[in-house]
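Colleague: Each chain, written out:
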Amino acid sequence: MILKTSPEVCGMGHSMKRKEDLRFIQGKGNYVDDIHLPGMVYGQLVRSPYAHARIKSVNTENAKKLPGVLAVITGEDLAKANLAWMPTLSYDKQMVLATGKVLFQSQEVAFVVAEDRYTAADASELVEVEYEELPVLVDPKKAMDPDAPVLREDREQKNNHIFHWEVGDRKATEDVFQKAPVKASVHAFFPRCHPAPLETCGCVADFNAATGKLTVYMTSQAPHAHRTVFALVGGIPEQNIRVISPDIGGGFGNKVPVYPGYVCAIVASLTLSVPVKWIETRSENLQSTGFARDYHMTAEIAADRDGKMQALRVKTLADHGAFNAAAQPTKFPAGLFSICTGSYDYSQAFCEVDGVYTNKAPGGIAYRCSFRVTEAAYLIERVVDVLALELKMDPAELRRRNFIPSSKFPYKSCLGWTYDSGNYEAAMKLALDKIGYAELRKEQAEKREKGELMGIGISSFTEIVGAGPAHTFDILGIKMFDSCEIRIHPTGKAIARMGTKSQGQGHETTYAQIVAQELGIPANDVTVEEGDTDTAPYGLGTYASRSTPTSGAATAIAARRIREKAKKIAAFLLECSENDLEWEPGKFYVKGAPSKAKTIQEIAFAAYTNMPPGMEPGLEAVDYYDPPNLTFPFGTYVCVVDIDNGTGEVKVRRFVAVDDCGNIINPMIVEGQIHGGLTEGLAIAFMQQIDYDESGNVQGGSFQDYLLPTAVETPHWETDKTCTPSPHHPFGAKGVGESPNVGSPAAFVNAVVDAVAHLGVKHIDMPIAPWKLWQILKEKGVAA
Amino acid sequence: MGQKIEKTFSVKEPLDRVWDFLSDPRKVVTCVPGAQITEQLDDKNYKGTISVKVGPSVTDYRGEVQIARLDAQNHEIEILGKGQDVRGRGSASMKMSGKLRALPDGGTDVTSVSEINVVGILAQMGGRIITEVSNIMFAEFTKRFQERLQQSSEAPPETAEVEPIKAGSLAWEAAKGVFRGKS
Amino acid sequence: MAKKQLVRVKVNGRDRQAEVEPRLLLIHFIREVLQLTGSHIGCDTSHCGACTVLLNGKPVKSCTMFAVQADEGEIITVEGLMQAGQLHPLQQGFKEEHGLQCGFCTPGMLMSCYALLKNNVKPSEEDIRWGISGNLCRCTGYQNIVRAVQFAANKMAEADKKPEMAEVAK
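Protein chains in written order, with our numbering: chain L, 1 to 784; chain Z, 1 to 183; chain U, 1 to 170.
In case anyone wonders, no lab produced these hints; they're calculated from the structure. Quantities reported herein were computed from a predicted structural model and do not represent experimental measurements. The beta-carbon is built from N, C-alpha and C at its ideal position, and this holds for glycine as well. Hints may be right or wrong, so weigh each one.
Said to hold, decoys possible - Ranges of calculated distance between the beta carbons of each label pair, as one might list FRET restraints:
{"hint": "1", "chain 1": "Z", "residue 1": "6", "chain 2": "L", "residue 2": "158", "range": "41 to 51 Å"}
{"hint": "2", "chain 1": "U", "residue 1": "45", "chain 2": "L", "residue 2": "79", "range": "50 to 60 Å"}
{"hint": "3", "chain 1": "Z", "residue 1": "67", "chain 2": "L", "residue 2": "270", "range": "52 to 62 Å"}
{"hint": "4", "chain 1": "L", "residue 1": "783", "chain 2": "Z", "residue 2": "107", "range": "38 to 48 Å"}
{"hint": "5", "chain 1": "Z", "residue 1": "26", "chain 2": "L", "residue 2": "235", "range": "56 to 66 Å"}
{"hint": "6", "chain 1": "L", "residue 1": "156", "chain 2": "Z", "residue 2": "47", "range": "40 to 50 Å"}
{"hint": "7", "chain 1": "L", "residue 1": "79", "chain 2": "Z", "residue 2": "67", "range": "50 to 60 Å"}
{"hint": "8", "chain 1": "L", "residue 1": "116", "chain 2": "U", "residue 2": "71", "range": "15 to 25 Å"}
{"hint": "9", "chain 1": "Z", "residue 1": "3", "chain 2": "U", "residue 2": "45", "range": "14 to 24 Å"}
Given the sequences, and given the hints that come with them, work out the whole structure.
Modeller: If you want it as structure tokens, here you go:
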């Protein structure tokens, strides 16, 4: 139970209005493209039209001659400085600017720098590149064929296989499958999609030749990690690099990788000693920056006739594009995909993933995926429904029979994860009651008699976030701790800085609320800063729903350290022993004599003006938090759909989302996150795909074809919660940002399949666009 | 991005005259908006260029044309074309089969099946635009074809002004076509 | 290069002018020439609406206009919403109802909502959703934006009932 502080203090549990809003609603945000520095020039990339081709020549003469053009950088130029290639976050390497060949349509080939945007655009048209087309590989299933074109000539092994990864006991799982009376399987494709935050990626690289300092303003979800990468790759001393991540217009994982545009802008600035701005267009963003998913998955469940699931077997083909640039912890080439046992208690499981190269843009980990948890949760929730169909059992009942019971937590899954806490039955019960499940099933039966198509889809997902403990997690070798530094001023106000970086999650408010909770200093008196590597303590950034579990924890621990020192000061001021003191948010008082008290403000003042003898002045603390475990938010989503059998259009009639993320800092902000994530899940389920034709042309390379839901398509979301705190987190919180995107695609797809299951449909792949569904209805003879 | 386009049109000229014209690339090229032959390599292979303008954007392709099959008996012709954008923005290839049939009224039916494959930026803008642009170019082609046929077939091929089809109209027609849907 | 042309506009009540290339987009004119960076660029196909401003009272996507087309016109951007140091009821509504997260779509969204409320003082939820269907948001799922507009509509209706209150920008 978290003690609720007063509205003035506004600690945890309050729906505090956001402090950051004031500048955004006045149009006074400071996004990267808003930055204007004296002498600043503009860079633009020249990109390959071909998916696979040899570069025969790059002619930059005409581009260089255009008045206003300062430089044109090619791959050959970068190669001279050993910068044509850079490491990726997956220990592969990626071309910054192409040399020799290009490997995906829209790959970066040259970088033009000019006095203004328009001249840069003109100049990029004047760069002439001669290509010799090569055979294109876009089908990952063909990537391992003996006659498949070998894409990566730079690697030792001359094939398109990136990795094979497996976990679990293959033999023991096989044994269970042999004996099991009931088996169900599904082949589920999670299409390639893209997070498409409304602000595209970009930077202003500012090298000051007089001071030797390089400042990079960039759209970065992980400024410190990026600074270290620039230092290692560029050979620039790390103390001379400052990365500033200002206001970011949405991240969703898109702003974690290092993109060629950043490197080119830095090189240009180092060369020209002027600030160089590079901002990509939306088309460039969709076609070349970190995509998400593209997992071809097969899942099989072995069960007994009562529906008790015994074993799970999963095999996945991962399409990584031309370079393995997926951003995930080192030991996990398939991210946290092995959470695919989900909310269920399996005695055995086995999971294997093979990653391959294709002529497509690199990426894979993005779009609120929690490191492939979206893929895993989708798969398990789909195959469980397929099993329910096989057993002719109600899908809610099947889940209930197989949930990990709350008594079994902490629960060690057979694929190696120790779930911290969970109460799946309670979340599902709340969701089903709220949606009126029994009534809906009755209505569905009646509608079926009349030939009307209505479906109910359930998704009871378990998430895994908060990466992560140093013994298992690192990115490029850097352990995945996070940090907080708090300083209390003489007048009792505070400043707190963290190693994370908000892109809309409301950290300026929520972190202040944590400090308020722990110290009783009103949240309005606490300034929160992130994103400037010169001032913020080192951290790994914000993605994978990790901020609250890591930096949030560090904030609480740092605040508690301050409280410990404050207690000593209070004892000194009150002339008593520390043991005589009690704490309530905002003050220490003498046990039994509450009027003998010192407020935190008085204590802060004393820390600078009247310290106990021998005590170091000041009142501050810093904590680098190495989480003991990950956290496991969970929930049940229920979706009701009505299908128009004339158009194949799916109307989401109702959607109930019950989330459990443990103790909540700001309910209003959590609810907002859920709304946003559910909307992304809706988009993924029904309208989004980045596809490639057989020549490697991107289909879905602009908002004409890659669709974002508007307010009209987006239904009204009904949210609720249960609260099962994390036993190992300093204030029992788990993180929640990605849960809605993790849990909802299965709810949508399960609902649509449920609507037509009686016609013999077992599975429909996403995106379930109207034309696709209509063809199925026609095939089944029920299209209008 | 592959597109298959089938077109049929008829001309009032007799089959032999039409066949003569159609089997001579230097004559046919005068009907293709924005195209010209730059070099003849042998009796079957030519080098050429074509300029395609959509709105303010011009794409210049440079490539080869090959008469893959010329069947004077059955009046069938197959032409292969392949070109690269001179600025390195993509490529296009085309296989066109043409068949002539004499009509009872003395005229000739021309049936063509073209398979077009576009790689590059143009292919992203959508098959919609490619289809519409192809339709417009084909309409212009048949118009010029009929006009040139009516002129004397002995006159040497004109060094016609190589002018890409009017920019604005192409874009507007293409856009209208998209909104109107396929006909 | 085409000869530069003089563009004269009234922006947020102030007369501004500059010599610009005819091909300069209105959004670039606003952001870079006038240095009003509140309006944003979110796409390159006119879909997202982050660049929405009011031109002569109507909401326009300023990425799909040339600056020269706005000559002699009157533009209101998000920077012009506040009146006499007071937040516009829409701005208040967005804050009260958590109608923004990353804030990138917010300026364009505010201008579309402003235009919506000018034409419809008591919009239904459906009216609001249609009214903002030209503005994409990735963070909020639109639900709280709808609440924000309803908040503003109510506030403005109350203000109209009390003529002695400071008149909010029409």
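Colleague: A separate judgement is required for each hint: does it hold in the structure or not?
Modeller: We went through each hint and held it up to the structure:
1. For residue 6 of chain Z paired with residue 158 of chain L, a C-beta distance near 43 Å keeps the hint of 41 to 51 Å intact.
2. In this structure, residue 45 of chain U and residue 79 of chain L break the distance hint of 50 to 60 Å, their C-beta atoms being roughly 35 Å apart.
3. For the hinted restraint 52 to 62 Å between residue 67 of chain Z and residue 270 of chain L, the CB-CB distance of approximately 55 Å keeps it satisfied.
4. For the hinted restraint 38 to 48 Å between residue 783 of chain L and residue 107 of chain Z, the CB-CB distance of approximately 44 Å keeps it satisfied.
5. Separated by about 60 Å at the C-beta atoms, residue 26 of chain Z and residue 235 of chain L satisfy the suggested range of 56 to 66 Å.
6. Under the hint 40 to 50 Å, the C-beta atoms of residue 156 of chain L and residue 47 of chain Z, about 41 Å apart, fit the expected range.
7. Between residue 79 of chain L and residue 67 of chain Z the C-beta distance comes to about 44 Å, which lies outside the given range of 50 to 60 Å.
8. Evaluation of the 15 to 25 Å hint for residue 116 of chain L and residue 71 of chain U yields a pass: the beta carbon distance comes to about 21 Å.
9. Distance hint check: the CB atoms of residue 3 of chain Z and residue 45 of chain U are about 22 Å apart, consistent with the given range 14 to 24 Å.
Checked against the numbered hints given earlier, the structure breaks hints 2, 7 and satisfies all the rest.
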